[in-house]
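Peer 1: Please put together the full structure from these sequences, using the hints given.
Line by line, the protein sequences are chains A and B. For the first sequence, my numbering assigns the number 1 to the initial residue and increments by one for each residue that follows. For the second sequence, my numbering assigns the number 1 to the initial residue and increments by one for each residue that follows.
Bear in mind the hints are in silico, worked out from the structure with no lab data behind them. Warning: the hint list may mix true and false statements.
Where chains are identical, the list cannot tell them apart; a pair therefore holds if satisfied intra-copy or between any two copies.
[Said to hold, decoys possible] Computed list of lysine to any residue pairs in SDA-like fashion (alpha-carbon distance at most 25 Å, straight line):
1) K79 <-> F178
2) K79 <-> N193
3) K79 <-> G165
4) K79 <-> D179
5) K79 <-> P158
6) K79 <-> D152
7) K79 <-> R195
8) K79 <-> D181
9) K79 <-> D210
10) K79 <-> V188
11) K79 <-> V155
12) K79 <-> N89
13) K79 <-> A184
14) K79 <-> N99
15) K79 <-> E25
16) K79 <-> L19
17) K79 <-> N139
18) K79 <-> R61
2 protein chains.
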Amino acid sequence: MSEQTLTIESPILNRNERLAQQLRERFRASGTYVVNVLSSPGSGKTSTILATNERLRDRYRAAVIEGDIASDVDAQTMKEAGLPAVQINTGGLCHLEGNVISQAVDALDAGVGLEHIDIIFIENVGNLVCPVDFDLGENLAVMILSVPEGDDKPVKYPGIFQHAGAQLLNKVDVAPAFDFDLDAYHSVLDELNPRAPRFAVSARTGEGMDAWCAWLAEQIEAARA
Amino acid sequence: MSEQTLTIESPILNRNERLAQQLRERFRASGTYVVNVLSSPGSGKTSTILATNERLRDRYRAAVIEGDIASDVDAQTMKEAGLPAVQINTGGLCHLEGNVISQAVDALDAGVGLEHIDIIFIENVGNLVCPVDFDLGENLAVMILSVPEGDDKPVKYPGIFQHAGAQLLNKVDVAPAFDFDLDAYHSVLDELNPRAPRFAVSARTGEGMDAWCAWLAEQIEAARA
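Peer 2: Okay, structure coming up:
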């Protein structure tokens with residue numbers, strides 16, 4: 001015997017559809033574009049949001065909803081960068097759901113006023129599995145994979161790569177230190193999700209960030225048109 | 001307004017305790033030491049298992065249970081390295097549970113015979129949240145954090161770092177390319193989990209692997225005594 005495969009039924013968790021729809025209408029009414037940021041822990045969600053905001057802040061006012069199991073270190077970081085931030089601590093929950101996003105949006109609305117917020121970045125819990133099933137009313141789900149995680153992640157976690165409307169490959173500045181097969185990465189994504197644009201970036205050095213931000217600005221303008 | 005914190009109740013999922021106990025008895029009877037390997041996607045679970053097996057295979061016969069959302073790439077890798085491997089595809093599930101481990105152990109038992117297996121490495125789904133709540137009857141849960149993920153992960157995902165019986169810090173060979181604050185990492189773990197030993201390793205270069213393997217061999221011998 002060398003290898004066998006067992007398959008478990010996957011649970012279907014589409015219970016927050018109605019809440020997501022309400023959120024979507026609310027965001028449309030206030031002219032707020034919402035980006036749901038997905039990745040593993042440590043792929044660079046926080047630094048990518050900050051680098052994106054740096055390039056877009058002259059045109060758009062941003063706010064952040066931070067989802068973490070525990071701590072408020074990310075919200076503190078956002079605050080230091082001048083961004084309004086609501087921290088959600090999920091306890092043991094591995095994803096964000098519509099109900100807590102509604103509460104966070106209420107908090108932003110009471111604070112700076114939703115109509116003054118052009119973009120909300122939702123930094124989801126670092127997780128390649130659970131967030132996929134929960135629509136948060138966002139305009140765009142962006143998937144961040146970082147080079148150190150390896151090129152096989154789209155094969156092993158296909159759902160989230162299929163789901164994303166844009167793919168960022170982050171930490172490309174350290175690519176020489178890792179055996180990341182770019183061709184393998186692209187050929188799997190060509191199969192899983194050929195339409196979502198892909199950007200190779202480094203949130204730390206800024207490499208590739210202009211192209212990603214230009215594309216994101218186009219999406220924001222298209223949503224307003 | 002700058003920051004607010006919302007807290008969600010964490011669900012308690014201790015329903016597979018009984019199965020875990022049965023597994024534990026079964027492993028004890030066959031003299032099999034079981035290591036539940038936990039980490040984010042891409043932290044190096046597969047390569048750490050392989051590097052560990054390389055150093056211990058003269059003394060112990062190992063087998064692997066691979067948990068993934070999809071694909072059998074890890075089981076294929078194990079097979080190529082000469083390790084009996086059972087692949088579990090969880091579909092959408094973000095962790096392994098006792099029931100599928102029982103099936104996988106049945107498969108290993110039918111194949112090579114459980115009494116001929118000294119160590120089973122269970123490579124859990126890459127996830128820092130869900131696996132914590134599911135006892136798989138293991139002797140040891142080992143947590144692998146990799147340098148590129150950042151030193152703030154123990155603060156943001158405290159449950160899994162608290163739970164682990166040993167902490168590996170992997171990919172230390174690329175540490176110069178990252179801003180990983182070792183002091184911060186250690187001081188948070190001093191609070192969260194002062195007793196679990198910590199090993200700084202590189203599964204790729206082999207750095208630190210001997211110390212980790214020597215410690216693991218001691219645990220195996222202690223469990224047999």
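Peer 1: Measure nothing new, just compare the shortest in-copy and cross-copy C-alpha distances for K79 and F178 to 25 Å and report within, between, both or neither.
Peer 2: Result: close only across copies, 24 Å inter versus 33 Å intra.
Peer 1: Please sort K79 with D181 into within, between, both or neither, judging by C-alpha distance up to 25 Å.
Peer 2: For K79 and D181, the Cα distance is within 25 Å only across copies (22 Å; inside one copy 37 Å).
Peer 1: Between K79 and G165, at a C-alpha cutoff of 25 Å, which is it: within one copy, between copies, both, or neither?
Peer 2: neither (27 Å within a copy, 35 Å between copies)
Peer 1: Could you place K79 and P158 in one of the four classes (within, between, both, neither) given a Cα distance threshold of 25 Å?
Peer 2: Between copies only: 23 Å across chains, 34 Å inside a chain, cut-off 25 Å.
Peer 1: I want to check one pair: K79 and V188. Are their C-alpha atoms no more than 25 Å apart within a copy, between two copies, both, or neither?
Peer 2: between (38 Å within a copy, 23 Å between copies)
Peer 1: Treating 25 Å as the Cα threshold, decide for K79 and R195: within, between, both or neither.
Peer 2: Answer is neither; intra-copy 35 Å and inter-copy 35 Å both fail.
Peer 1: Pop the pair K79 and E25 into one bin, within, between, both or neither, using alpha-carbon distances up to 25 Å.
Peer 2: neither (27 Å within a copy, 51 Å between copies)
Peer 1: With identical chains, the pair K79 and L19 could be close in the same copy or across copies; at 25 Å between alpha carbons, which is it: within, between, both, or neither?
Peer 2: Close neither inside one copy (28 Å) nor across copies (46 Å); limit 25 Å.
Peer 1: At most 25 Å between CA atoms: does that hold for K79 and N99 within a copy, between copies, both, or neither?
Peer 2: within (23 Å within a copy, 45 Å between copies)
Peer 1: Using 25 Å as the alpha carbon limit, work out where K79 and N89 are close: within a copy, between copies, both or neither.
Peer 2: within (17 Å within a copy, 41 Å between copies)
Peer 1: Between K79 and V155, at a C-alpha cutoff of 25 Å, which is it: within one copy, between copies, both, or neither?
Peer 2: between (36 Å within a copy, 18 Å between copies)
Peer 1: What label fits K79 with A184 when the C-alpha limit is 25 Å: within, between, both, or neither?
Peer 2: between (38 Å within a copy, 21 Å between copies)
Checked against the numbered hints given earlier, the structure breaks hints 2, 3, 7, 15, 16 and satisfies all the rest.
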